[in-house]
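Let's have the full structure, built from the sequences with the hints guiding it.
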Amino acid sequence: MPGNRAAPAAVSGEAIAAESVACLNSALARLRDIWEEIGIPEDQRLQRTDAVKRHVNLLLTRMIEEEENLKQRLLKSIDVCRKELNTLCMELQLPPFEEEEESTILQLEKDLRTRVEVMLKQKKERMHELKLLKERDQDLCDILCTSPYHIDGACVPSLQELDQFRRHLAGLSAEKEHREAEFKSTKKQIILCMEELDRLPDTSFERDVVCEDEEAFCLSKENLTALQELLIQLEEQKMKNQVLCEELRSKITELWERLQISEEERDAFAEYMTGSKGKTIKALQEEFDRLQELKLQNIKRIVEAIRLEISSYWDKCFYSAAQRQAFVPFSSEDYNEDLLCIHDAEISRIKQYYESHKEMFDGVQKWEENWRLFLEFDKKATDPNRFTNRGGNLLKEEKQRAKLQKMLPKLEEELKTSIIAWEQEQGQEFFVNEKKFMDYVAEQWETFHQDKEREKQERLMKKNRQLEEEMYYGSAPKTPNKRRVPGPSTPSSKCRKLNGTSISSSSNSTLRSAFSGTMCHSPVSRPPVCGGKPGLPSRTPTRVFKTPQPKRLEKNKENMSQLNGTAMSGGCYLTIPAQRNISVNSVASTYSEFARELSKATRSNINTNVLNSTITHPPS
12 MPGNRAAPAA VSGEAIAAES VACLNSALAR LRDIWEEIGI PEDQRLQRTD
62 AVKRHVNLLL TRMIEEEENL KQRLLKSIDV CRKELNTLCM ELQLPPFEEE
112 EESTILQLEK DLRTRVEVML KQKKERMHEL KLLKERDQDL CDILCTSPYH
162 IDGACVPSLQ ELDQFRRHLA GLSAEKEHRE AEFKSTKKQI ILCMEELDRL
212 PDTSFERDVV CEDEEAFCLS KENLTALQEL LIQLEEQKMK NQVLCEELRS
262 KITELWERLQ ISEEERDAFA EYMTGSKGKT IKALQEEFDR LQELKLQNIK
312 RIVEAIRLEI SSYWDKCFYS AAQRQAFVPF SSEDYNEDLL CIHDAEISRI
362 KQYYESHKEM FDGVQKWEEN WRLFLEFDKK ATDPNRFTNR GGNLLKEEKQ
412 RAKLQKMLPK LEEELKTSII AWEQEQGQEF FVNEKKFMDY VAEQWETFHQ
462 DKEREKQERL MKKNRQLEEE MYYGSAPKTP NKRRVPGPST PSSKCRKLNG
512 TSISSSSNST LRSAFSGTMC HSPVSRPPVC GGKPGLPSRT PTRVFKTPQP
562 KRLEKNKENM SQLNGTAMSG GCYLTIPAQR NISVNSVAST YSEFARELSK
612 ATRSNINTNV LNSTITHPPS
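Position 349, counted from 1, in the sequence shown is what my numbering calls 360; the numbers after and before it change by one each time, with no gaps.
Wrong hints could be hidden among the right ones.
[As the list claims (entries may be wrong)] Keeping only pairs whose Cα atoms sit at most 30 Å apart, straight-line, the calculated DSBU-like set for lysine-lysine is: (1) 421 to 473; (2) 391 to 407; (3) 262 to 293; (4) 195 to 134; (5) 290 to 306; (6) 463 to 410; (7) 417 to 377; (8) 311 to 251; (9) 142 to 249; (10) 145 to 135; (11) 199 to 251; (12) 391 to 467; (13) 410 to 467; (14) 467 to 421; (15) 195 to 288; (16) 421 to 410; (17) 262 to 362; (18) 473 to 427; (19) 262 to 311; (20) 249 to 290; (21) 390 to 327; (22) 369 to 463; (23) 421 to 391; (24) 87 to 135; (25) 195 to 249; (26) 463 to 407; (27) 134 to 87; (28) 410 to 377; (29) 390 to 446; (30) 187 to 142; (31) 293 to 306; (32) 377 to 446; (33) 132 to 121; (34) 232 to 251; (35) 369 to 427.
Simulated from the structure, these hints should not be mistaken for lab results.
Here the structure is a predicted model, which means the values were calculated and not measured.
Okay, here's the thing in structure tokens:
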């Protein structure tokens, strides 16, 4: 392709040269014609022709020199551009420039010069960006009080170096924002604490934080650490003030109660019962001092009030009588300041003791309440009148009693586990009434069972005595309850016959024996119920113990001897067991037991026997 382009160019050059020669010949011919017309001699014509030749040669020589100079300049420019390109490629850390083959001098110079201009522009841009990055880095370092990023400002940075520099500045900017946010938040808290403490900044650092512009504060790690320490110091002081205020308020409230300060005075002081500022502390301290003076003037009343409070805490802590008596000043009547101080110390000690054991005491209190409720239900279970209640109260009580019987052991086990864990954690034993809780519970159950056994024995003894009295003196008439116990009833208007002998159905002439259905008539004859006069109102007789008449006593003794083992006329012997329950009501402690005893009594009455030796024949 370059040869093809050169051939037309050569043809064009030859044509231009031929035209130039033709022009020169035409110009010389024209000059000769002019010279001839003028009449210039031949020798002068030759001189003038020689002058034309010299001018043409000089012009061509100058033109050639100029073109040679142009060529040299182009070659020199090529050399310079090559050197600059090599330097720029090294500075910009780019690969060397590759020249195109068979390029002309002019084209090569142009390519090199253009490439140099591009690379110079890149260098300028990189250096400008480096300058801006270094300025920004310096600003951030001044704010954060850190060292500038290490990079040579005289060398052209590479693209990787610029990228690393940008990431470094992005990290610094994020750190600056984080520290600014931390500084502003901490500063706000410091100002609030100082306002709460009624305190002004008294050091140069505190003034820089509170008073100076936020932009001027150096966000160094040291300054932020000092800032946090200042905040912690202020918060600790604030906390101390709050604790002091709470203590003063608690003491003031306690003294108000003990001194019976009026509500008007309390309301007047209400504005100082919140907050912990300096003026609040001062007002609280003054009020406390005033109440202390009043307390000293009313020592006796204060001591008595403290004693009531101590007594209530003794109850909460389940103190025994010995533990209470150990505090001897409790009974002292020498009211003075020392006694008051001793009581103050004791109430503080026992309050602290209660709070440290509160969870345990609450559990014990719950057990105590359920235990008392259990005892109440058990006491009701032994009351015969409970069977006359309406509305299903008996069934409800039995359900609640059964629920308590299940719940108490479970609660005791939970408390036992909690107390063991607490004792292991605290390294000390937990006492209730100077006893371990489980020992205390076992003692309560033991006392309960002993009381039940004692009540049972007392009932048996009472029934035995009653039986002996009835056997000795005769049975007393009893007014039936409103609701009779179900069982075989004796007709009131008829007489029944048994073994061919009639017997009165009067309740006053019978005696309950150890056998539930057996009935023994008194030896003394009484008119039967069926023989009463009609129309007269029945009267419930009252039992009156009188000195028995000799004849009646002899008959009773005879009956007693017969009951104690003498053969009866009916052919049977009757003995009284010592531990036998006599009546249904005496043994029915629960509804289920009541029903069971009633069933036994019914079955026994069906197969009842009547002792023939005590039969009283009604008048014919």
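Discussion item. Between the alpha carbons of residue 195 and residue 288, is the straight-line distance 30 Å or under?
Written reply: holds, 23 Å
Fill in: Pairwise hint evaluation, residue 121 against residue 132, where the allowed Cα distance is 30 Å at most
holds, 17 Å
Item to complete: Decide if the proposed pair is consistent with the structure: residue 249 and residue 290, CA atoms, cutoff 30 Å inclusive.
Response: Since the Cα atoms of residue 249 and residue 290 sit roughly 13 Å apart, the hinted pair holds (cutoff 30 Å).
Worksheet entry | Given pair status - residue 134, residue 195, alpha carbons within 30 Å | violated, 42 Å
Worksheet item: Are the Cα positions of residue 142 and residue 249 separated by 30 Å at most?
Response: With Cα atoms ~50 Å apart, residue 142 and residue 249 exceed 30 Å; violated.
Worksheet item: Does residue 467 pair with residue 421 here, judged by a C-alpha cut-off of 30 Å?
Response: holds, 28 Å
Worksheet item: CA of residue 421 to CA of residue 473, is that 30 Å or under?
Response: violated, 37 Å
Worksheet item: Holds or violated: are the alpha carbons of residue 199 and residue 251 at most 30 Å from each other?
Response: It holds: about 20 Å lies between the C-alpha atoms, which stays within 30 Å.
Worksheet item: Taking only the CA atoms, is the gap from residue 262 to residue 362 under or equal to 30 Å?
Response: holds, 14 Å
Worksheet entry | Restraint status (C-alpha distance of residue 390 to residue 446 at most 30 Å) | Holds, at roughly 27 Å.
Worksheet item: Can the restraint linking residue 134 and residue 87 be considered satisfied, given a maximum Cα separation of 30 Å?
Response: At roughly 23 Å apart (the allowed maximum being 30 Å), residue 87 and residue 134 satisfy the hint.
Worksheet item: Would the pair residue 390 and residue 327 pass a check requiring their Cα atoms to be no farther apart than 30 Å?
Response: holds, 26 Å
Checked against the numbered hints given earlier, this structure breaks hints 1, 4, 8, 9, 18, 22; the rest are met.
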